[in-house]
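Student: Here are the chains, one letter per residue:
Protein chains: 2
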Amino acid sequence: MDNQTYLAGVEAAIEAYYQEAGISDRLVEAVLYSVRAGGKRIRPLLFLQMVEALGQELTPAHYQVAASVEMIHTGSLIHDDLPAMDNDDYRRGRLTNHKQFDEATAILAGDSLFLDPFGLVAAADFSAEIRIKLVKALSDASGTLGMVAGQMLDMVSEGQSIDLKQLETIHANKTGKLLTFPFVAAGLVSEVPAKTLLKLQKIGELVGLAFQVRDDILDLTADFEALGKTPQKDLLAEKSTYPALLGLEESYAFLEVTLDQARQLLAEVTNEQISSIEGVGALIERLRLHA
Amino acid sequence: MDNQTYLAGVEAAIEAYYQEAGISDRLVEAVLYSVRAGGKRIRPLLFLQMVEALGQELTPAHYQVAASVEMIHTGSLIHDDLPAMDNDDYRRGRLTNHKQFDEATAILAGDSLFLDPFGLVAAADFSAEIRIKLVKALSDASGTLGMVAGQMLDMVSEGQSIDLKQLETIHANKTGKLLTFPFVAAGLVSEVPAKTLLKLQKIGELVGLAFQVRDDILDLTADFEALGKTPQKDLLAEKSTYPALLGLEESYAFLEVTLDQARQLLAEVTNEQISSIEGVGALIERLRLHA
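Protein chains in written order, with our numbering: chain A, 1383 to 1673; chain B, 1383 to 1673.
Hints listed in this document are in silico derivations from the structure and should not be mistaken for laboratory results. If you're wondering where the values come from, they're calculated on a predicted model, not measured in any experiment. Keep in mind that the hints are not guaranteed to be accurate.
The list treats identical chains as interchangeable, and a pair is accepted whether it falls inside one copy or across any two copies.
[Unchecked claim] Dumping the calculated SDA-like pairs for lysine to any residue here, alpha-carbon to alpha-carbon at most 25 Å:
| no. | residue 1 | residue 2 |
| --- | --- | --- |
| 1 | K1547 | P1625 |
| 2 | K1518 | R1408 |
| 3 | K1581 | I1405 |
| 4 | K1481 | I1405 |
| 5 | K1621 | E1411 |
| 6 | K1547 | Y1472 |
| 7 | K1518 | A1635 |
| 8 | K1518 | V1538 |
| 9 | K1621 | G1404 |
| 10 | K1584 | E1632 |
| 11 | K1547 | R1408 |
| 12 | K1581 | A1505 |
| 13 | K1577 | Q1386 |
| 14 | K1547 | I1405 |
Using the sequences plus the hints, can you model the full thing?
Tutor: Next comes the structure, spelled out in structure tokens:
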């Protein structure tokens, strides 16, 4: 199955949820505007391919879980772009939500994308025990115990000098926890033993870290077209980044080592059944960058 | 048990959640600033007293469910007050969240209060089946199927002439569904039969309606001190209200009839065991206004 097929399933799950939500057309329009903007959809892909790597066959319920994490991610992008936050006019090469609609609409669209996914997961066809674990993991990854706390730390640190440990705490929360969720969730729906669940969490943390280092490198080295958004905005915002703290060359090496560790653990949890050219193995390989 | 005792339990449940959330102090501070601003806390009170009216003894898990709906309500107030929304400087007699902190912080504090309660409910000591039903009901009441959709409808209708049916749709979603949740949730945790659950939902809808009619009347007739916020802002914002559409006297009468219906159904679900001077019966009685 190629990535497009997975993504079509994720998008169908999100669209199905909003097709039944006929109260405010404008709200649904604003929500779907940002959902349809695309992006790499790395979180749902990691989840679906990790589920397969654990030997499970995908069902509609898996696509609903994949959709839920993409919805929260999309909601966070809408709020991040607001004038009071990063004040971005473009996202993925298109106008940001508040530029296309207005600020109030963008705030509400983000709110919806935070509140709706829990209902979607709650209705997925897994046992109640599995669903409640997914809800807990998703809430912990995204709210005051995860993503939102990381965004606040990031904001407070702007223009300040922070050390590598503080930078890691910011990213472990801001992006790491929502990138860890796909791995943990794959373990939960596959009912793996506790030891395997811990390894899956560690893989997620490593992938999350790699993702951020990669993003920081690309912000410095790529142009608007490759990035789909304004480059060097970290530099302009005086944000602490891995290249700023480690140097560019060290950052490339750090990315490499982090991905190697993730691949090693992935081989362990799947009993070496995973290759580097397909599925979740290939997704992780694709995060590598060459100086 | 007087209302203060219930509220102390709700506040303790919220504070306990955030005491363990030690990632961003500023985020927790901003969240708790608005939580501690007080207010009537009508939603948790209705839930706790409805649970008791159904013959159950309150446990810490009930307080966690009560806390969850208050958290979502508080998050919605923070976002409602933002400059791009209602642009309010005061709420409950204190500076609004974005005035006390800043806009970005207020956006994130609201986001947290939308994402966290699902984790809180997921960890409550009820069966997984009950918890997952609570999560679904809370999500449906608050997101694109409920509160947020109602806020969008309300915003779009500003300055426009709408009829009574449209006004009812706005409020049934904007405030009605989150006021209905306490009654439905009380039924879910008490495992009442489906027929009783439907009656509880109807009571919630009637109370939600009464609440809004009452609010509209008070906005017109009360002063800053009694209201704890700027009065007549509906009038200034050219919002459609019940007094504007029905006239003030008719609105008083409509409130009366709505509350009578709620009381009648309440007597049915509790087998007449509820009096008008205590518990949920008294809460509903207190919504009456005399012209």
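Student: Using 25 Å as the alpha carbon limit, work out where K1547 and P1625 are close: within a copy, between copies, both or neither.
Tutor: Answer is within; shortest intra-copy Cα gap is 14 Å, inter-copy 58 Å.
Student: Are the CA atoms of K1518 and A1635 at most 25 Å apart within a copy, between copies, both, or neither?
Tutor: Answer is neither; intra-copy 35 Å and inter-copy 45 Å both fail.
Student: Regarding K1584 and E1632, is the shortest C-alpha distance of 25 Å or less found within a copy, between copies, in both, or in neither?
Tutor: within (22 Å within a copy, 63 Å between copies)
Student: Are the CA atoms of K1577 and Q1386 at most 25 Å apart within a copy, between copies, both, or neither?
Tutor: Classified as neither: same-chain Cα gap 32 Å, cross-chain 45 Å, threshold 25 Å.
Student: As a check of your reading, is K1547 near I1405 (CA-CA no more than 25 Å) within one copy, between copies, both or neither?
Tutor: Close across copies (13 Å), not inside one copy (46 Å); limit 25 Å.
Student: Checking K1581 and I1405: alpha-carbon separation at most 25 Å within a copy, between copies, both or neither?
Tutor: between (43 Å within a copy, 23 Å between copies)
Student: For the identical chains here, do K1547 and R1408 meet the 25 Å Cα criterion within one copy, between copies, both, or neither?
Tutor: between (43 Å within a copy, 19 Å between copies)
Student: Given a CA cutoff of 25 Å, do K1621 and G1404 count as a within-copy pair, a between-copy pair, both, or neither?
Tutor: Classified as between: cross-chain Cα gap 23 Å, same-chain 41 Å, threshold 25 Å.
Student: Classify it for me, K1581 with A1505: is the Cα-Cα distance of at most 25 Å met within a copy, between copies, both or neither?
Tutor: Answer is between: at 23 Å across copies they meet the 25 Å cutoff, but 28 Å inside does not.
Student: Since the copies are identical, ignore which copy is meant and state whether K1547 and Y1472 lie within 25 Å (CA to CA) inside a copy, between copies, both or neither.
Tutor: neither (31 Å within a copy, 39 Å between copies)
Student: At 25 Å max between alpha carbons, let me know whether K1481 reaches I1405 within a copy, between copies, both or neither.
Tutor: Answer is within: at 23 Å inside a copy they meet the 25 Å cutoff, but 32 Å across does not.
Student: Between K1518 and R1408, at a C-alpha cutoff of 25 Å, which is it: within one copy, between copies, both, or neither?
Tutor: between (30 Å within a copy, 23 Å between copies)
The structure shown violates the earlier hints numbered 6, 7, 8 and 13.
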